[in-house]
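Q: Sequence:
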Amino acid sequence: MRLAAIVAAALTMAPTAQAQGIFGGLKGKKLEAAIQKAEVEPLGSEKNPVRVNMPGGERNYLARLRCADGSRPSFERAGSMGIGPFGNILDLYPVACTGKDAVDVYMDMYHAKDESRPIPGFTIE
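Following numbering that gives the first Met the number 0, the numbering of the sequence shown begins with 0 at its first residue and continues without gaps.
Mixed in with the good hints, there may be bad ones.
[To be verified] Only pairs whose alpha carbons sit at most 25 Å apart, straight line, appear in this in silico DSS-like list of lysine-lysine:
id, residue 1, residue 2
1, K46, K26
2, K112, K99
3, K46, K99
[Unchecked claim] Here are the simulated distance ranges between beta carbons:
id, residue 1, residue 2, range
4, A32, D100, 11 to 21 Å
5, G120, N59, 15 to 25 Å
6, K29, S70, 16 to 26 Å
7, K29, M80, 13 to 23 Å
8, D68, K26, 36 to 46 Å
9, A101, G27, 30 to 40 Å
10, N59, M80, 16 to 26 Å
The hints are simulated quantities; they were obtained by calculation from the structure and are not laboratory data. Even for Gly, the Cβ is constructed at its ideal location relative to N, Cα and C.
Work out the full structure: start from the sequences and follow the hints.
A: Spelled out as structure tokens, the structure:
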């Protein structure tokens, strides 16, 4: 009963600024301008996250990456890392090729399409 009361109270509270960022990211011309500004940074960085559509888009993108030797890298979601340059929460995935240090890949899953370009140091299938 106590848990139900806590959940009910939480659902009636006003959303925080960070929670609003989940669905309140930039749109239209503002998003286009932010993407253009981010393009000077490496793709997959915190300032230019990989843009994909939902968790399935994150997994699909990462599954298509290839290491220099053509093998598939390993990856695992490390968690959410706060609001990114497009006004959405970023997810962090350390991505590693055999015998190499992991590369941190930031992803923004609140976009209509999945990115088609590889992050630096990788190719994409």
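Q: Against each hint, give a clear statement of whether it holds in the structure.
A: A quick look at each hint next to the structure:
Note on K46 and K26: the hinted pairing holds, with a Cα-Cα distance of about 17 Å set against a maximum of 25 Å. Among the hinted pairs, K112 with K99 is inconsistent with the structure: their alpha-carbon atoms are about 30 Å apart, more than 25 Å. Between K46 and K99, the direct Cα distance comes to roughly 23 Å. Compliance with the 25 Å bound is thereby established for this hinted pair. Checked against the hint of 11 to 21 Å, the pair A32 and D100 fails, with Cβ atoms roughly 34 Å apart.
Between G120 and N59 the beta carbon distance is about 19 Å. The supplied range of 15 to 25 Å therefore holds. Range check, K29 to S70: Cβ separation about 39 Å, and the 16 to 26 Å hint is violated. The hint said 13 to 23 Å for the Cβ distance between K29 and M80, and at roughly 22 Å that hint holds. The given range of 36 to 46 Å is respected by D68 and K26, whose C-beta atoms sit roughly 40 Å from each other.
Take A101 and G27: their Cβ atoms lie about 35 Å apart, and the range 30 to 40 Å holds. Judged by the Cβ atoms, the range 16 to 26 Å given for N59 and M80 holds: they are separated by roughly 20 Å.
Hint violations for this structure: numbers 2, 4 and 6, all remaining hints satisfied.
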